[in-house]
Amino acid sequence: MLSRADNELITRTGPGTGMGELFRRFWVPALLSSELPEPDCNPVAFGLLGEELVGFRTTSGKAAILEARCPHRHASLFWGRNEEEGLRCAYHGWKFSAEGVCLDQPAEPADSRYKDAVRALAYEVHEAGGIVWVYMGPRDKIPEFPAFEWTLLNEDQFLVTKRLQLCNYLQNLEGELDTSHVNFLHRTNRSSEDPIMPPENIARKQFFLSEANFGIVAMARSETPNDEYYWRMTPFVLPSFTIIPSPLGSANTLTAVVPIDDDNAWGFTATWNPARPLDEAEILGVTGGEGVHVHVDPATWLPLANKTNNYLIDRELQRTRSFTGIFGIRNQDLAVQENQDGTICRRDEEHLGVTDRGIVGMRRLLLTLAKNLQKGEEPRHLQHPDAFRARSVAIDAPRSVDPVALFLSAQPESVDAASLGSAY
Amino acid sequence: MTDERDRPEPERIENLLPATIEGVADRLISSHTFQELVYRESEMDALFTLVDIAIKTARHGNTIGPPPEAGALLASPDLYTMRDLIFAAHDMTHDDQTVEAAGLLREAAAIARSWS
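Chains as they are written, first to last, in numbering that gives the first Met the number 0: chain A, 0 to 423; chain B, 0 to 115.
Hints may contain errors.
Unchecked claim - Looking from chain B toward chain A, a few residues come up when the C-beta cut is under 7 angstroms (computed): (1) 37; (2) 40; (3) 41; (4) 44; (5) 90.
Because the hints were derived from the structure by calculation, they are not lab data. Backbone N, C-alpha and C fix where the C-beta goes; we use that ideal spot for every residue, glycine too.
With these hints in hand, go ahead and build the complete structure from the sequences.
Structure (structure tokens):
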């Protein structure tokens, strides 16, 4: 549970809010690179952290993000002309560079130097891993870009998708850290003869947390038939990213949820194979719509199965083979996450169980960091960009194996115990 | 990363007996690490659930199911005080005021003792 005050603090992310300021200390995904497919392409309007923004790619190929409203009389620059290294407002022709410099004011007097004093709000942009990232915090606090593993790979080793999620970011983030729900919400059998409830040894888990320089590792273990432990280890990577537990040597998937405003979020999902190009099965896992990458309307990014059509629930399928009757892991998540008291869960009235320990840890970390930031203390995690290269773990192991050692053994060579550290 | 070895399993909280509540208070006093404090929060979450469900069951007289295990306490107005104490202790733990939070839990335990 959270007090109403803490629930407000952790869910509100607009400018000037505690959590909004914490988000603004980190690089966050803003757009897919493919949304700005070529120089001088169409500009894209979008929301992020309660602000209305516009993205465009300049003539020389640089991705840029400006506040959407023109400084003049606040018409949207989305209507503007993307031409010759700048975005020109459709209203009166004021033109701005990728850095927000006013390049032209064609209706002002010819000898006017007024434009030299005018600036559009422009944010720092970094393009990597198929994503246009943005930093929206203080200029003197820009951190080094974190070394997310897929952003360091060749383009044929990763795929990235995006969706619109119709709820507060935290409801998605909590779901990603709730490994217990996987055995129920996402249970689909090959045959109607199989039991719809999971075996007890799989369903009942014990939960642990470990601190790390990127955030937290949420660890869950269950019994296996051969007297070992099955471990699922989910890195929670600040400010709002998680890496889905995957078997060693297989593709990893990171989900990043970023607030559009307090009632909506962008969900970015990246799948990568660190060793080789994605194979046919891995690509189908991204494009098939059955996993965590979802089919969306390309104009709005709204998933095709959504709350207006009850996520296309099939009650006959639910009676026979699927716990939910909803197709696709992400659609199943959306169905439960997009209405928990509506778009913002009333956490002062919830009743948590032991399976929610990862969620409790994540909330505690975010709230502590936000409160510390309000007192002037910057998040220490920003000093460790290499730690953000972490991978997840899903593995059977003898009971005697130390889970922290197990987690470290799955990490890239460049990530060692010291770099993961204990930052908190 | 923090070493995971030799960590005791977190306690299960399944009743509102004085000893159960006092046990949380005792462990809270000696909790300092991130994980220990998360465990204590989880234990207080469970205490809150037990008392809050009991209150809601009593308040909604049209609920037809059997009362929860804490149902013997349904008539006690002290339940509201106990819930407030547990909620406040949980909040204080979030703000690292663990000694003060443990004090509130002991007040809640005293209420539970008055029922026996």
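Cross-check of the supplied hints:
1. 37: Nearest chain A Cβ about 5 angstroms off; hint holds.
2. 40: Status holds, d = 5 angstroms.
3. 41: Holds - the Cβ of residue 41(B) comes within 7 angstroms of chain A, reaching about 5 angstroms at its closest.
4. 44: Holds. Min distance 4 angstroms.
5. 90: holds (5 angstroms)
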